[in-house]
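Protein chains in written order, with our numbering: chain A, 479 to 801; chain B, 479 to 801.
In short, the hints are calculated from the structure, not lab data. Incorrect hints may appear among the rest.
Repeated chains share a single entry, so a pair holds when one copy, or any two copies, can fit it.
No farther apart than 27 Å at their CA atoms in a straight line, the calculated lysine-lysine pairs in the DSSO-like style are these [claimed, not checked]: (1) K604 to K620; (2) K620 to K550; (3) K615 to K678; (4) K671 to K604; (5) K790 to K741; (6) K675 to K775; (7) K773 to K678; (8) K483 to K675; (9) K671 to K593; (10) K671 to K483; (11) K769 to K593.
Protein chains: 2
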Amino acid sequence: MESKKSTIKDIIAAQKYVYKYLRPTPLFHYPTLSDLVGTEVWVKHENHQPVGAFKVRGGINLVANLTEKQRKNGLYTASTGNHGQSIAYASSLFGVKSFIAVPEGANPGKVAAMKGLGAEVLFHGKDFDEAREWIKKIAADKGGMFVGPTEEPLIHGVGTYALEILQDLPSVDVIIVPVGAGSGVCGTGIVAKATNKDIKVIGVQSVQAPAMKLSWEQGVLTESEMNTFAEGLATRVPFQNTQDIMREVVDDFLLVDDEDIKKAIVIMLQHTHNLVEAAAAAPLAAALQIKEKLKNKRIVLVVSGGNLSIEKLADILASLNSR
Amino acid sequence: MESKKSTIKDIIAAQKYVYKYLRPTPLFHYPTLSDLVGTEVWVKHENHQPVGAFKVRGGINLVANLTEKQRKNGLYTASTGNHGQSIAYASSLFGVKSFIAVPEGANPGKVAAMKGLGAEVLFHGKDFDEAREWIKKIAADKGGMFVGPTEEPLIHGVGTYALEILQDLPSVDVIIVPVGAGSGVCGTGIVAKATNKDIKVIGVQSVQAPAMKLSWEQGVLTESEMNTFAEGLATRVPFQNTQDIMREVVDDFLLVDDEDIKKAIVIMLQHTHNLVEAAAAAPLAAALQIKEKLKNKRIVLVVSGGNLSIEKLADILASLNSR
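Assemble the whole structure, with the sequences as input and the hints as a guide.
Written as structure tokens, this is what we have:
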């Protein structure tokens, strides 16, 4: 993949492919949620995407930009999360074969979802790192393309949601974005800063998985513990290319505790009636953490996806029965 | 309001107003849900609307078609459900004052939601019938318009979701729609039958509230018990104008048990990661009831809304812990 510096031009160009297959997602204002946070709150509903997450925008842009030969040779990746579903979905749109490595014992529901999208799911290794290294070699052997989670075309594709935010709410003051590998916050930051430097872009990770935050703060890739239940924030080994962009376009980076993420999932259910996954609830948890600073601001919470398992949901609701 | 016979022309005309304020909602195909039902299943996501329900399309079309004088005099209705929120939302878009009667002791969360949308909420009476009769008189006294749940402009507005279904999936065989007052199924039926008479339109109500089904079957308005927990299906006294349309455009009408609706809410959470309200889960419950008949059909389940309270959700998940 190309490695030149990404700009808003790349994201604008991605719209052509993204909107051939996807519609813009809603940006809704929730009055009672605003009362709770004490400022004007808007929610960007990437949970309304097919496969339930923002990543599908990136997958489509990536596959659309492949050469005929690359498409013929298929895509190889590792993930049972939103990245895997996004690559499977985009591949199916273009008739491209996708091979997705998952560790032995991967969640059967997610495996079924990826198979349902036409992907070939390959079990290998005891964890994701093993599965990933293995599928990377398979891709090399077969002459297929290995797709990591921070390829530039993925950043350009997902950045289209930020263009939608700016179109719907040009007067936004603050955009709060969950950070996993960093594609979402990079796309958002590139668009926001190119449009209006005064818009603050805030990244959020979990206290239980702070590698991206620590790396951003320290300016060097820093591995860290990874014990969050929020799959979309669960980065142990940070990524150089997204870190490079983040240092230019991210204004602040907060950590929220997993327990506060759980509370935010419940608040989202109560006030928006949307099921949001843990990573997608983190921006609300962050906003509640810095309530005082957000007074009189117009803020957007990026709800990156809705793929919370029913078992986790039931656990969260049961544990809050004592409230 | 006018009482001439509604046609697809009215629904096409409503698009002009509806799309000034709303975007089309997604129609998604879910492979694993399809496996479960044993046929090709698509979901129309009206839960992705502002205020979380299809009714907002009708509210906007109604308010958009008012005269200046009517707007100045305000709108009066009774509901703490989706109808009330729809009227409050649409009124706020047009700067119209809305007055919504609710019975004493109405759900504080819903009252807050309507107030948040700018409505004046008036408490009166011990149940909805009392609140409704009271607000009807107030409207007459004040020279404002009382808005019932089956006004023709509401049917025309909500029918726009059916145009979207036909645009996205012209080859649909069966559309299954929850029935409360009947505006949704009427809009759907008018569009479907005018487009392709072979498309089957199936209405669904609850075993615990069958008044609309019995009236449709018997050809005369028939009151019945109303003990369902599904607010969107909870019609005790049927409506003549929607019954008249339904007899022309609805092919079949099923009843599903509240317990099966609860199971369908859980299946929707598992397979689509969408929180759907009870009425919106009824089409899935109905599809599972007639699985054999649906084999090799391309079906659309209309998920009419997502406004399930977190208390009900927690109860449903807790009661299924024994599964």
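Going through the earlier hints one by one, which of them does the structure break, listed in rising order?
3, 4, 9
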